[in-house]
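Undergrad: Protein chains in written order, with this note's numbering: chain A, 1 to 464; chain B, 1 to 107.
Keep in mind that the hints were calculated from the coordinates and are not lab data.
There may be inaccurate statements among the hints.
[As the list claims (entries may be wrong)] Computed from the model, here is a short list of chain A residues facing chain B with C-beta under 7 Å:
1) P56
2) M264
3) R267
4) A268
5) N269
6) A362
7) G365
8) D367
9) A368
10) V369
11) P375
12) A378
13) R439
14) W440
15) N443
[Stated by the list, open to error] Over 12 Å on every C-beta distance to chain A, these chain B residues come out as not near it, computed from the model:
16) C7
17) G19
18) R37
19) R39
20) R46
21) A57
22) D101
23) V104
24) G107
Quantities reported herein were computed from a predicted structural model and do not represent experimental measurements.
Don't be surprised by glycine CBs; every beta carbon is placed ideally from N, CA and C.
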Amino acid sequence: MPASIQHRRSASNTLRIVCPNGHLGFAPIKTGSFRIGCNCEPDLICADSGSCDVGPVPLGADISSSPTQWQVDDLETMLTASRRLGVPMIVGSAGDTGSNSRVELFVDMIRDLARKQRLPKFRIGYFYSEVSKNELHRRIVAGEEIAGLDGRPPLDLAALDATERVVAMAGIHPYIKLLDDGADVIVGGRSSDCAIFAAPAIRQGFPEALAYFYGKVLECASFCAEPYGGKESVLGEISMDDVKVTALLPEQRCTIASVAGHAMYERANPFYEHFLGGHVDMSRCRYEQYDERTVRVTGPSYVPAAELRVKLEGSGKIGERYVGIVGVRDPYTIANIDLVTAWARQQVIERFGDSGYGLRFAIYGRDAVLGDREPLRAAPAHELGIVVQGVAPTKAMAEEVCMIATRQMFYARLPQVKGTAGGVAFLLDEVMPASPAYRWTLNHTMRLDDPLELFPTFISEAGV
Amino acid sequence: MASRKLCEVAKTIRSKNAGVDKVTFDVIFPDPATYNRVRESGVLAREAICRIFRIDAAQITDHVEFDPALAIKFTIYRRVPSGSPGDADIFGSQQYGPLLDVEVPDG
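Sequences are here, hints too, so could you generate the full structure?
TA: See below:
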């Protein structure tokens, strides 16, 4: 077996990237394995910071789901290493959503860190990914189809009107442009995870097929290693012939099973990865154990798209939201829990009518998580927890909807109940304000003439 | 015929969002023999998935056997998009529960 690639490049012409975190800011970088990675002569340090996994609230409300301090800490870890080693740093899908405000937030954080640390001047590049509703409106009115993904119908004006904010998923193009412009640090708007890593590799002439696969395998950091352990760094190396990925935490290894297993992670299909400009076909990939902690992959192919189509994500507000929590221990009440929630709902209807608000009961201990797909919903637990959600146009109304439904479960009229002093147990005799309710209004694609047209790039100086 | 539960024979059983409208399931086996035995048994075939989750076949968007990872992988539409009213699993990460008890006939 060859010597570990941690210590020596496997060919003369390679590009090495350390990835310290699969969702920067969401949970802190583990710095031990990152330090090891920084000693492996990386050519770049790259991480993705976004995900639609966090649900529609952050994009709709234009907030981060990650705490500010964790974002600053992770950026500081990467920035300090990047400037010390003199290699570029790239962060994509800034601040969970990649909206314009999140890009600006990360750029400001990096400027502040550079000033505080008195880092020598460097060039910071960034790009935006938001798409204006006016632009989408114009295209719909002109008869252009904004096509739905995953069974959704084409975007219409009603769905657009209900939308708060839209981001487009950038490919490699704005990253390559900013690298060409001399950026030392790049903060990207919403982008395909793999593009963050593929862009520098393609720019340096490595084959597209390997470069996109390289991005796919690195984007979640140590999720491609075993045993399971997130937020640890991994080292990638691309050559003209292959991609290699190495676990950096001493307790972890990349194995054929862990790397192949990661290729299918959070994707509908393990064989295809789509992005702006085409897709990579992984169905003929070959995985080999290269050294004890490194896997070598060959054989992906790149299929350019016949038409440029960009993915759009959009979120729209439904209303203000309050939450109440009750417990149930009486077996008779548990067996008749649908009558209890129906009673509570009826009391809300008597106050507000049957529309103009939303009311949901999530019945933990029976079927909250799977709903009607729960095979065991006819066999509930000995104790139920019920989370009541009231959604309405105003906070006052949402609070009252939620309060009526929560409190009226206490007064539910079940014919043979023994306990007549209260039908449910209150954790708190109150309802709590929650984030407003949003929903994903766009999961669509739109035609582009130029892969840069939605992604304006900017470059300026930071440091002292 | 004797059988064991899927959670006793699989190495990993997980679910996760695949975009905002789908949830994908990965069942990964420790060795080729177990992988092949489960594949051939049909206990994770399309019809079985429909029965387990009480869905019709049109709800399954992908169903593949992925040899390099010794995995059976399938993807289904969500009941509602991630985070919409009525969804209580924003990441889709606990949808695999019903798979744990699937009976796998001994080889």
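Undergrad: Each hint needs a verdict: does it hold in this structure or not?
TA: To see whether the hints hold, each was checked on the structure:
A least Cβ separation of about 5 Å between P56(A) and chain B falls short of the 7 Å threshold, and the interface hint therefore holds. The beta carbon of M264(A) is positioned within 7 Å of a beta carbon in chain B (closest approach about 5 Å), and the interface hint is therefore held. Because the closest C-beta pair between R267(A) and chain B is about 6 Å apart, less than 7 Å, the hint holds. A hinted interface residue such as A268(A) counts as satisfied when its beta carbon comes closer than 7 Å to some beta carbon of chain B; here the least separation is about 4 Å, so the hint holds.
For N269(A), the interface hint holds, the least distance from its beta-carbon to any beta-carbon of chain B being 5 Å, beneath 7 Å. Checking A362(A) against chain B by beta carbon gives a least distance of about 5 Å; that is within 7 Å, so the hint holds. Taken as an interface hint, G365(A) does not check out: its beta carbon lies about 12 Å from the nearest beta carbon of chain B, beyond 7 Å. Against a cut-off of 7 Å between C-beta atoms, the interface hint on D367(A) is violated, since the closest Cβ of chain B lies about 9 Å away.
Hint on A368(A) holds. Least Cβ distance to chain B is approximately 5 Å, under the 7 Å limit. Restraint check, V369(A) versus chain B: the minimum CB separation of about 5 Å is within 7 Å; hint holds. The beta carbon of P375(A) comes within 5 Å of a beta carbon in chain B, closer than 7 Å, and the hint placing it at the interface holds. Hint status for A378(A): violated, given a least beta-carbon distance of 12 Å to chain B, over 7 Å.
The beta carbon of R439(A) comes within 4 Å of a beta carbon in chain B, closer than 7 Å, and the hint placing it at the interface holds. Hint status for W440(A) relative to chain B: holds, with the closest Cβ pair at about 4 Å, below 7 Å. This hint holds: N443(A) has a C-beta 5 Å from the nearest C-beta of chain B, less than the 7 Å allowed. Even its closest Cβ contact with chain A, about 15 Å, leaves C7(B) beyond 12 Å, as expected for a residue assigned away from the interface.
The claim that G19(B) is not at the interface with chain A is violated, since a C-beta of that chain comes within 12 Å of its own (minimum 6 Å). At roughly 17 Å, the least C-beta separation between R37(B) and chain A is larger than 12 Å, which holds for a residue marked as non-interface. Taking the minimum C-beta to C-beta distance to chain A, about 15 Å, the non-interface status of R39(B) holds against the 12 Å cut. The Cβ of R46(B) lies farther than 12 Å from every Cβ of chain A, with a closest approach of about 15 Å, so its non-interface assignment holds.
No Cβ of chain A comes within 12 Å of the Cβ of A57(B); the nearest lies about 14 Å off, and the non-interface call holds. D101(B), annotated as away from the interface, has a beta carbon of chain A within 12 Å; the closest lies near 9 Å. A cut-off of 12 Å between C-beta atoms confirms that V104(B) is not in contact with chain A; the least separation is 17 Å. Consistency note on G107(B): stated as away from chain A, and its beta-carbon is indeed over 12 Å from all of that chain's, at 21 Å minimum.
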